[in-house]
Amino acid sequence: MRAGRPSSFCRNQSTVIASAPPLLPGVKPGAGGKAFISSGIRDLDRILGGGFLLGSVVMVMEDAEAPHHLLLLRNFMAQGVVHRQLLFAAPAEEPRTFLGTLPAPVVAFKEDRQRGPRSDHDGQEQSLRIAWQYKKYFGEQQASETYKDAKEFSTDFDLRKSLDRRMLSLQNIDCVSLLKFSTIAPLRELCSSFLSKLTGNDVSVGCAARIAILSLCAPQCRYSDWDMISFVRTLRAMIRSCKAVAVITFPSSVLSPSFLKRWQHLADTLLSVRSVADDDENLAKLLTGYQDMVGLLHVHKVAQVNTQVPVILEANTFSLKLHRRRSLVLERLNQAPVDGSSGTSYGTSGPCSASTKSSSIDF
Amino acid sequence: MNQTSNLLDEALGLGDPCCAGALSPERIVLIEDCVETSGAFVLHHLVKRALSPVGGVVLFLALAHPFTHYDRILKKLGCNLSIQKDNNRLYFLDMLGIEFPDEMQWDAIEDGLVKMYSKIQGAIEGCSSSDQSCGHISIVIDDLSILEIAARGSVNHDCSLVILNHEDIYQDKEAPKLLSHLLYLAHFIVKAEPLVTGLAVDVHGQLTILKKGNIQNNIYTERARNFHFQVKENGVELFLPGSRC
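As you go down the protein sequences, you meet chains A and B in turn. For the first sequence, our numbering begins at 1 and goes up steadily by one. For the second sequence, our numbering begins at 1 and goes up steadily by one.
Among the hints, erroneous ones may be present.
Straight-line alpha carbon distances no greater than 25 Å define the calculated DMTMM-like cross-link-like pairs of lysine to aspartate or glutamate that follow [said to hold, decoys possible]: (1) A:LYS161 with A:ASP43; (2) B:LYS232 with A:GLU314; (3) A:LYS321 with A:ASP279; (4) B:LYS85 with B:ASP71; (5) B:LYS48 with B:ASP71; (6) A:LYS197 with B:ASP9; (7) B:LYS211 with B:ASP9; (8) B:LYS115 with A:GLU189; (9) B:LYS115 with A:ASP227; (10) B:LYS76 with B:GLU193.
It should be emphasised that the hints constitute simulated quantities derived from the structure, not laboratory data.
Please work from the sequences and hints to get the whole structure.
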């Protein structure tokens, strides 16, 4: 989108990724004028073809019975805190306390987080270290690709540790309680003033902005259906022209079917999360690694900007797992080998067997 | 043009060389899609047809995406929107940021709509008076669900109307009035749906094109045609179910 400027090229010799047009840190360019920011979960970035599309609205449909959407939201926000551009709204009395539950980056990265002018040497050293670090945790199939952008693009988070308090006291993290507003208009103004900070300033602003809204249509907010849908539409229109991503989670069960569809249409990227029961024997027989799963993530729609070709994923349903109980990983569902005695269980329809399109080969 | 996209043209009555380019006048095409399958490609295709050298003027009411989005897509289809805009063949109304006060002030909403309608009307009158040879006008609305009410009434000119709407939001009985009006008025209804078996890499969904019956020479014709489609960057490939190996 932004044309390369010779001036920034001269001044900014320290950046290692100088070949690309000057993008904001934490932003990865994609094909067709697209740009991505990280969702805070490496696997999700990979599944969505690079991350959350800049200028898009991501919606997560909550599971009414389990808080799995918080896993996604926390990682997204933690990445935003690292990048220091975040607006967070939640239907809670004191939303800032939620920030205390955000996961901290994996230890090795901690000192690297502090943004600022770096020497060339320093930058190279970082990228080397991260490439090495990365190999340790993930397969080698992607190591070459992430070598460059891992430094800025995404961070690994440790779900067991909470984010450093000092990070949270920085400015550019706005927290609002949805309970304070009797109508949704103040929230809209807040979003628009938050986003206008980005467009007004120049490159020095820093990063792509993130807006995270938790449980927008929760009943305690008492907004009318039309108000909310019109807010989402306005937000979508505002976001489209900004270097920002909004993630909205909403409890789909409280919406009427037709409004639910409207919400879904307004989403550029639509995800849903679902918990899995511990004692679902059918499912446990059907899928390998069922014990490790904490939930399922379903990708309904992937953002489609600047192109008319739909993104067809190899699989739509992924299992949410905690790797070493600290980092969130997404895996394709793997069908368990069917043994002769339990052949009948193959035919029984597990809740997600219809959407399981993955191969049975585990790599 | 490859043979496959002709299937779409033919089903919409565009294959005819005499009505070259655009839809025949006073036609309404209603494109319906759903969350799983976007029908936007039909709209892109029709815009491209309408802007082809023999076509007419397009009035594009964009509610869903900014201009750059359409520009990029249409460029890949071989049609430069920016140039068409300069040539006064495309009137692009960017309604993305259209703002109605949220307090449910009905008169304010009405004002907004009237304003928009007069904008459309002004554009239509402007181009039909300025240039006699401009051919006929197509109004394209993407997408209507964002703007529930504005579409009706814009058909009293000699123009064709292409509307993209989402079908599945009208599942219950809440707001069926607008849709039933549209369905009644529409001459073509194009429905994009996912395959029942799920999405595949090479078949992106199915398209049902329903041409409203009319009595011609005392023969009643109503035609529904069903295709599978695969959307590509430079066009869409339509084929009859099962005809592709």
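So, going through the hints one by one against the coordinates:
1. A:LYS161 with A:ASP43: 20 Å, holds
2. B:LYS232 with A:GLU314: Satisfied, since the Cα-Cα distance of roughly 18 Å is no more than 25 Å.
3. A:LYS321 with A:ASP279: Holds - the C-alpha atoms of ASP279 of chain A and LYS321 of chain A are around 17 Å apart, at most 25 Å.
4. B:LYS85 with B:ASP71: 11 Å, holds
5. B:LYS48 with B:ASP71: Cα-Cα ~11 Å, so holds.
6. A:LYS197 with B:ASP9: Given that 25 Å is the threshold and the Cα spacing comes to 47 Å, the pair is violated.
7. B:LYS211 with B:ASP9: 12 Å, holds
8. B:LYS115 with A:GLU189: Within the cut-off at roughly 24 Å; holds.
9. B:LYS115 with A:ASP227: 22 Å, holds
10. B:LYS76 with B:GLU193: Satisfied, since the Cα-Cα distance of roughly 24 Å is no more than 25 Å.
The structure fails hint 6 only (numbered hints given earlier).
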